[in-house]
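What follows is each chain in one-letter form.
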Amino acid sequence: MEQLQTLPRLFDYDQMTLKKDNGNSLTGHDILSVDQFDRDALSYIFTRSQEMRELVERAGGCDLLKGYVLACLFYEPSTRTSASFIAAMERLGGGIIPITQGVQFSSVSKGESLPDTIRTLEQYADLIVLRHPEIGAAKLAADYAAVPIINAGDGAGEHPTQALLDLFTIRQELGHIDGLKVAMLGDLRYGRTVHSLTRLLMQYEDISLRFVSPDILRLPMALMNQLIDRGVKVRETHDVADVIEHADVLYVTRIQKERFADPKQYEEVKDCYEITTELMTRAKPNMIVMHPLPRVGEIHYRVDDDPRAAYFRQVRNGMYVRMALLAAVLGKA
Amino acid sequence: MEQLQTLPRLFDYDQMTLKKDNGNSLTGHDILSVDQFDRDALSYIFTRSQEMRELVERAGGCDLLKGYVLACLFYEPSTRTSASFIAAMERLGGGIIPITQGVQFSSVSKGESLPDTIRTLEQYADLIVLRHPEIGAAKLAADYAAVPIINAGDGAGEHPTQALLDLFTIRQELGHIDGLKVAMLGDLRYGRTVHSLTRLLMQYEDISLRFVSPDILRLPMALMNQLIDRGVKVRETHDVADVIEHADVLYVTRIQKERFADPKQYEEVKDCYEITTELMTRAKPNMIVMHPLPRVGEIHYRVDDDPRAAYFRQVRNGMYVRMALLAAVLGKA
Amino acid sequence: MEQLQTLPRLFDYDQMTLKKDNGNSLTGHDILSVDQFDRDALSYIFTRSQEMRELVERAGGCDLLKGYVLACLFYEPSTRTSASFIAAMERLGGGIIPITQGVQFSSVSKGESLPDTIRTLEQYADLIVLRHPEIGAAKLAADYAAVPIINAGDGAGEHPTQALLDLFTIRQELGHIDGLKVAMLGDLRYGRTVHSLTRLLMQYEDISLRFVSPDILRLPMALMNQLIDRGVKVRETHDVADVIEHADVLYVTRIQKERFADPKQYEEVKDCYEITTELMTRAKPNMIVMHPLPRVGEIHYRVDDDPRAAYFRQVRNGMYVRMALLAAVLGKA
Numbered sequence: 001m002e003q004l005q006t007l008p009r010l011f012d013y014d015q016m017t018l019k020k021d022n023g024n025s026l027t028g029h030d031i032l033s034v035d036q037f038d039r040d041a042l043s044y045i046f047t048r049s050q051e052m053r054e055l056v057e058r059a060g061g062c063d064l065l066k067g068y069v070l071a072c073l074f075y076e077p078s079t080r081t082s083a084s085f086i087a088a089m090e091r092l093g094g095g096i097i098p099i100t101q102g103v104q105f106s107s108v109s110k111g112e113s114l115p116d117t118i119r120t121l122e123q124y125a126d127l128i129v130l131r132h133p134e135i136g137a138a139k140l141a142a143d144y145a146a147v148p149i150i151n152a153g154d155g156a157g158e159h160p161t162q163a164l165l166d167l168f169t170i171r172q173e174l175g176h177i178d179g180l181k182v183a184m185l186g187d188l189r190y191g192r193t194v195h196s197l198t199r200l201l202m203q204y205e206d207i208s209l210r211f212v213s214p215d216i217l218r219l220p221m222a223l224m225n226q227l228i229d230r231g232v233k234v235r236e237t238h239d240v241a242d243v244i245e246h247a248d249v250l251y252v253t254r255i256q257k258e259r260f261a262d263p264k265q266y267e268e269v270k271d272c273y274e275i276t277t278e279l280m281t282r283a284k285p286n287m288i289v290m291h292p293l294p295r296v297g298e299i300h301y302r303v304d305d306d307p308r309a310a311y312f313r314q315v316r317n318g319m320y321v322r323m324a325l326l327a328a329v330l331g332k333a
Numbered sequence: 334m335e336q337l338q339t340l341p342r343l344f345d346y347d348q349m350t351l352k353k354d355n356g357n358s359l360t361g362h363d364i365l366s367v368d369q370f371d372r373d374a375l376s377y378i379f380t381r382s383q384e385m386r387e388l389v390e391r392a393g394g395c396d397l398l399k400g401y402v403l404a405c406l407f408y409e410p411s412t413r414t415s416a417s418f419i420a421a422m423e424r425l426g427g428g429i430i431p432i433t434q435g436v437q438f439s440s441v442s443k444g445e446s447l448p449d450t451i452r453t454l455e456q457y458a459d460l461i462v463l464r465h466p467e468i469g470a471a472k473l474a475a476d477y478a479a480v481p482i483i484n485a486g487d488g489a490g491e492h493p494t495q496a497l498l499d500l501f502t503i504r505q506e507l508g509h510i511d512g513l514k515v516a517m518l519g520d521l522r523y524g525r526t527v528h529s530l531t532r533l534l535m536q537y538e539d540i541s542l543r544f545v546s547p548d549i550l551r552l553p554m555a556l557m558n559q560l561i562d563r564g565v566k567v568r569e570t571h572d573v574a575d576v577i578e579h580a581d582v583l584y585v586t587r588i589q590k591e592r593f594a595d596p597k598q599y600e601e602v603k604d605c606y607e608i609t610t611e612l613m614t615r616a617k618p619n620m621i622v623m624h625p626l627p628r629v630g631e632i633h634y635r636v637d638d639d640p641r642a643a644y645f646r647q648v649r650n651g652m653y654v655r656m657a658l659l660a661a662v663l664g665k666a
Numbered sequence: 667m668e669q670l671q672t673l674p675r676l677f678d679y680d681q682m683t684l685k686k687d688n689g690n691s692l693t694g695h696d697i698l699s700v701d702q703f704d705r706d707a708l709s710y711i712f713t714r715s716q717e718m719r720e721l722v723e724r725a726g727g728c729d730l731l732k733g734y735v736l737a738c739l740f741y742e743p744s745t746r747t748s749a750s751f752i753a754a755m756e757r758l759g760g761g762i763i764p765i766t767q768g769v770q771f772s773s774v775s776k777g778e779s780l781p782d783t784i785r786t787l788e789q790y791a792d793l794i795v796l797r798h799p800e801i802g803a804a805k806l807a808a809d810y811a812a813v814p815i816i817n818a819g820d821g822a823g824e825h826p827t828q829a830l831l832d833l834f835t836i837r838q839e840l841g842h843i844d845g846l847k848v849a850m851l852g853d854l855r856y857g858r859t860v861h862s863l864t865r866l867l868m869q870y871e872d873i874s875l876r877f878v879s880p881d882i883l884r885l886p887m888a889l890m891n892q893l894i895d896r897g898v899k900v901r902e903t904h905d906v907a908d909v910i911e912h913a914d915v916l917y918v919t920r921i922q923k924e925r926f927a928d929p930k931q932y933e934e935v936k937d938c939y940e941i942t943t944e945l946m947t948r949a950k951p952n953m954i955v956m957h958p959l960p961r962v963g964e965i966h967y968r969v970d971d972d973p974r975a976a977y978f979r980q981v982r983n984g985m986y987v988r989m990a991l992l993a994a995v996l997g998k999a
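Quick mapping for you: the protein sequence lines, in order, are chains A, B and C. Numbering follows this note's numbering, in which position 154 of the first sequence is assigned residue number 154; successive positions increment by one, without gaps. So the mapping is simple: this note's numbering equals the position in the second sequence, first residue as 1, plus 333. So the mapping is simple: this note's numbering equals the position in the third sequence, first residue as 1, plus 666.
Source of the hints: derived by calculation from the structure; they are not laboratory data. Misleading hints may appear alongside valid ones.
[Claimed, not checked] Once the Cα atoms are required to be at most 25 Å apart in a straight line, the calculated DSS-like pairs of lysine-lysine come out as:
1) K332(A) with K732(C)
2) K66(A) with K665(B)
3) K284(A) with K264(A)
4) K847(C) with K665(B)
5) K66(A) with K257(A)
Given the structure is predicted, the values throughout are model-derived calculations rather than measurements.
Could you put together the complete structure from these sequences and hints?
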């Protein structure tokens, strides 16, 4: 069968290293994991994200990606994330195929494999943003796709664009990343965003991390050991009161009551994981509070009026970072 | 906590009066209620709507809102209304974040408050069109939003763009509004569109209103008293036959059978509220029949061929009025 | 009632013949059935489709349909087809009203008739693509619409754009259509795509057709008789092995197990309807395998690596053909 041939893969994620001497080494590449990004790549993305911010503030948008089409393929609905990608593409002048209500309502769920769905959509689109409930789905999609795949969350796996916008927010708000004291709070065991941000922070110098959680939701051992091996300063505690005075960044995540065997257990400890205006009086004047949202009470609404509440600015940064990534992957940045 | 500050609100609806000496006083404002619009403001919007009509007929669309993004946030699906706003934004060259299938299918329903959802979307969009099943939702959204909110229906509350397109249709079809005889027919008790249009008509001179409904669906007393206090000529009747000969405008709405305790009661009276070709033979040659749609039989299909059937032209006018409002609110009209 | 008038219909499908001396006779016309297309019309569409391909490969898109709005009205979801039309419209610079999640989730399902929904949407859009579960729905819509309707599948009825893209794929892959040996495989009884493609192929010279199916899924008698009357060379068989060596085109469709009274019956015959790499070793070096997708096992995944596997290129051709049709119907081709 000499006429058989294997389609060349544009990108082998496992073997990829970002080429530092190249203006934009992301062109044609998938965005699957935060582990793809070293400091130089992060610096490049953040510079471009800042330019996107200036563009939006000055002109609303541009025609940089005119003639390109993005498919947003969400096997589970995530209005927040899909809206962010759609707005990013709109503001760059590109077109969108929105499949964002969850594929259970759609024909692509009729027994078709993910690779077939991806190879169908790539006939129409120049780029696919994929959200899928199963870990590894984005990698599988990328293995079959000829166009770049951006992982917008694969179950308990990765959500790299969230981690990039988190780190960009820290840089924007505080001017630098090296040397910061970052407190992570809430569900540190299952919190995908905490894990990814932690892994990105490992690349910076003199980072000090404080982990605040109930015992049953502590940071996974493997990640903790990795931090220790890298020499990152870490400490764990049960109460946000222990870290509030020194934190430069307080990264809050939601604790689901259902994680506790007995709801009473949750009621007993929840005060240790809620951010109130009273608590904020003890924080540094130039610290910031972040949250991946949505929240359901862990940051009190009155805190929103505090200029240190950065979570809605964080949302906006998500659009800038995604604009930068779309442009970079399509070779236009 | 001296570092706390309250975000300035762009617009306080309760205190707003439209500035007449300003070309466009809607810039940056929310559109929440028909009560925001005095005659000058209505005249301004209608002039702009007519220009939009000419634009569409001549060129299909333009780039006036290029670089702007509109979020359509529909907590309950309303294809008619969302399609109208989407078409309006498309024809003005702007981008759209469509969240139009009802938020129950979406992650923003996962316990997140309306203010948080709004403050998230406003990071991506320059303007939010909101449909929500609860009265007051648009006002609540506007209280928290830094970008303008357009109320596309808040339950039993308001649906101001519908009332504006209704009035614009009357003006387009008949050339003027002062002095008209307008008959309202159907469910006048719960009919949001009837109430809003009635309130707008109060601002015009020498309007005569006829209300045609079963007893259990009569216009609410408060609104009736308001009309009488204003000196508007009003009469109520049970049968459209009583008003058909004199009406310049016949505004028809649907009567839901479920409003009646006994379905037989509905069958007994329904002939008094159906528009037939026979009935139309008794109407003035230049009167118009309107309906907010969808209909389910209250206007017979054969009436559609009558040039006085204005309800589909009314739909089209909705697009022009919404184009005018989008442009005005974004400061581009 | 002398003031009554009937709206002129732009297009009467039953009486239409494509005018051959006209560059583009599709302008303003509905696309309802493959029977609208004679060889000249097919040739015209394929030439334009090829130009669209060159456009996309060179520039991604253009502004040909800027100022036009397409409504995608899908009463049942079909991500594949709606995504194809959306991408086609995006790449031509036009706007889209996406109602693609199935109308059961939408207000237009609230008892409104299809004609009313169509006459509403045509106020906003220049063109409506309709998918509906009932046979004849597209024809009904076209009877009421003043704007062109494109049938994107009406139940067991037609799906003409699929048949056009199938035929375009054959022409692109093999360079010509006359004289080809085409084998159709799978569910030939209910397979809408098989019937439509067969009817298009009847227009070409010296076509030889082989039909491969279980007894219970044979081609309908009426269509078979039509082929025989036309003098098309036809043969039927139970096993793909009988046709693989001579076929220029192998058009595969899915067999639903549920068609068989007893699942065991299906298991006994399924080997005769599966395409494997082993089978492909016996096929001509320049034949092609096609499939309307989605597949669920009838073409083995390892066949995908064979350059003769044309089904994903077939998907992409769908976008080009739809671009050509949109432009032609809107008078821009």
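Hint by hint, here is what the structure shows:
1. K332(A) with K732(C): Cα-Cα ~23 Å, so holds.
2. K66(A) with K665(B): holds, 23 Å
3. K284(A) with K264(A): At roughly 33 Å apart (the allowed maximum being 25 Å), K264(A) and K284(A) break the hint.
4. K847(C) with K665(B): Distance of about 61 Å is beyond 25 Å: violated.
5. K66(A) with K257(A): violated, 46 Å
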